[in-house]
Structure formats: C-alpha cells, structure tokens
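Undergrad: Sequence:
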Amino acid sequence: MTDTPRLLFVGAGPGAPDLITVRGQNALQAADVVVYAGSLVNPALLENCKPGCEIYNSAPMTLEEITDVLIRAVNAGKSVVRLHTGDPSLYGAIREQMDILDQHAIDYAVVPGVSSFLGAAAALKAELTLPSVSQTVILTRMEGRTKVPTKENMAGLARHGASMVIFLSMSLLKALTEELLRGGYTKDTPAAIVYKATWPDEKTIHTTVGDLVDAAESHAITKTALVLVGGFLGDGYAKSKLYDADFSHGFRKADTP
Numbered sequence: 345m346t347d348t349p350r351l352l353f354v355g356a357g358p359g360a361p362d363l364i365t366v367r368g369q370n371a372l373q374a375a376d377v378v379v380y381a382g383s384l385v386n387p388a389l390l391e392n393c394k395p396g397c398e399i400y401n402s403a404p405m406t407l408e409e410i411t412d413v414l415i416r417a418v419n420a421g422k423s424v425v426r427l428h429t430g431d432p433s434l435y436g437a438i439r440e441q442m443d444i445l446d447q448h449a450i451d452y453a454v455v456p457g458v459s460s461f462l463g464a465a466a467a468l469k470a471e472l473t474l475p476s477v478s479q480t481v482i483l484t485r486m487e488g489r490t491k492v493p494t495k496e497n498m499a500g501l502a503r504h505g506a507s508m509v510i511f512l513s514m515s516l517l518k519a520l521t522e523e524l525l526r527g528g529y530t531k532d533t534p535a536a537i538v539y540k541a542t543w544p545d546e547k548t549i550h551t552t553v554g555d556l557v558d559a560a561e562s563h564a565i566t567k568t569a570l571v572l573v574g575g576f577l578g579d580g581y582a583k584s585k586l587y588d589a590d591f592s593h594g595f596r597k598a599d600t601p
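Note that the sequence shown covers residues 345 to 601 in my numbering.
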C-alpha cells in the first residue's frame with residue numbers, strides 16, 4: 345500500500361484479536377489516534393496501540409463528534425484509525441462519515457476485515473455455498489427502528505431459498521420466524537444462532553426455523569448474535585466438480601473420457 349492516507353477505516357474482524365488483518369494491525373500499531381466502535385469491537389485489540397495513542401470510544405458519540413475528532417487529528421498531522429467491527433462495508437455506517445470527510449477534503453482509505461458472518465460460518469464448520477443446495481448468500485436484517493427498503497422485505501428474500509445470514513435481529517425473532525415461514529421456508533428448515541462468533545464466550549446453537557425463538561430463550565441470547573438459515577446447514581448436497589476425477593478443467597484432465 346503506497347501513499348497511505350493519514351486516516352484509515354479499519355475492519356477489526358469478528359472479535360478474536362488475532363483475526364484482524366496484518367494490514368489492519370499494522371495501522372493500529374502506528375496510529376496516533378484511534379476511534380473504535382466500543383459497542384462491538386473487542387477491547388483487547390486496543391492493546392496493539394502504542395503508548396500515548398489517543399483512544400476514543402464512538403459508542404456514546406454522535407456522527408458529528410466522531411468526524412470532528414477525525415478531522416482535527418488529520419489536520420494536526422496525526423495518523424488516525426477509525427476501527428469498525430467486522431468489515432466496515434457491512435452495517436458500518438461508514439458512508440456518512442466519508443461524505444463529511446469529503447466535504448473537508450480529508451483523504452482516507454479502507455482496510456477490509458473479516459466479517460462476523462464468516463466467523464459464524466467457521467464456528468458452525470459450515471459451507472455457505474453448497475453445490476445443489478445454494479450458490480447464493482443473502483446478508484440482511486429485519487426491519488426495526490431502522491427501516492428496510494420495501495423490495496428487501498424478509499419474506500421476499502426468503503422466497504429465493506438461498507443461504508441466509510441475518511444480522512441485528514435477535515430482538516425480533518418472533519417476527520423473523522413468521523416472515524421466513526411466509527417466504528417459503530418450512531418449520532423444519534435448518535437454522536442456527538451464533539452468539540459472539542470467535543469471542544471466548546462464543547455459543548453455537550443448531551435449531552430449525554420453527555424453533556428459533558425457543559432456542560434463543562433457552563440459551564438466554566438476546567443480542568450480539570447472528571441467525572443463519574438454509575439447507576446448507578443440513579446433510580444433503582452434491583460434491584463439487586472441482587475435485588471430481590471424471591471432470592476436466594484447466595488444471596486437470598478427467599481420468600475417464
């Protein structure tokens with residue numbers, strides 16, 4: 345990475361401190377100022393910060409307060425990291441920050457991170473894109489106080505029968521279940537709840553669409569969890585052609601004509 349801007353939006357990863365990227369960790373170690381999403385970023389990551397680094401928890405801050413810290417720090421010649429959970433491009437609210445930075449002619453770049461949905465799949469030892477089951481992954485959320493575009497309503501997305509990973513919806517599980525069923529999933533469709541993927545207190549719960557509410561209640565999970573739904577969590581699938589002895593491709597000839 346050449347000509348690196350003084351301000352970097354960095355993906356912290358899903359939780360485990362060693363799941364930040366090397367580039368992200370290097371940026372964190374070099375930063376003079378760090379503004380981190382305190383509601384979700386593992387504070388253990390801040391141990392990478394050098395002595396004297398100014399650290400701000402953005403959880404109680406407004407958009408204007410956050411961008412004011414970023415702008416003042418950059419204008420003072422400091423190296424700045426805006427540390428977001430997972431990957432900044434997913435539910436990170438980074439566009440609104442960038443627009444304000446653009447208005448002040450502040451240069452910045454983004455360092456991608458490992459999203460929590462990938463951490464959840466790893467925790468479940470699951471392949472989201474199983475041949476003959478699903479080749480599409482839908483990342484979405486239920487509508488709550490923050491609206492969802494009408495064309496992206498949960499039932500409509502569920503009609504695709506694709507693998508689904510549902511963020512920010514643990515307080516709406518009853519409504520989520522109703523929407524998934526209305527969209528075509530059956531009550532016995534495999535589902536899972538992953539609480540705090542990759543954190544020390546991670547929990548994985550295998551269940552079904554019909555039992556999502558009971559599963560969450562029985563494990564006292566009310567937030568900081570993802571819901572995964574789809575046949576990829578079941579037992580049936582077709583093997584990939586990639587390693588099939590009878591399938592030719594650019595790197596291997598089939599064993600049989």
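In case anyone wonders, no lab produced these hints; they're calculated from the structure.
Some clues are possibly wrong.
To be verified - Pair by pair, the computed Cβ-Cβ distance ranges are:
id: 1; residue 1: 416; residue 2: 530; range: 48 to 56 Å
id: 2; residue 1: 440; residue 2: 483; range: 35 to 43 Å
id: 3; residue 1: 416; residue 2: 496; range: 36 to 44 Å
id: 4; residue 1: 447; residue 2: 532; range: 24 to 32 Å
Claimed, not checked - Quick list of in silico lysine to aspartate or glutamate cross-link-like pairs, EDC-like style, CA-CA up to 16 Å:
id: 5; residue 1: 422; residue 2: 487
id: 6; residue 1: 531; residue 2: 555
id: 7; residue 1: 518; residue 2: 471
id: 8; residue 1: 518; residue 2: 546
id: 9; residue 1: 583; residue 2: 446
id: 10; residue 1: 518; residue 2: 545
id: 11; residue 1: 469; residue 2: 546
id: 12; residue 1: 422; residue 2: 440
id: 13; residue 1: 531; residue 2: 558
id: 14; residue 1: 469; residue 2: 558
Note that this is a predicted model, so its numbers are computed, not measured.
Note that the Cβ used here is the ideal one computed from N, Cα and C, for glycine as well.
Undergrad: Hints broken by the structure, by number, lowest first?
TA: Of the numbered hints, 2, 4, 5, 7, 8, 9, 10, 12 and 14 do not hold.
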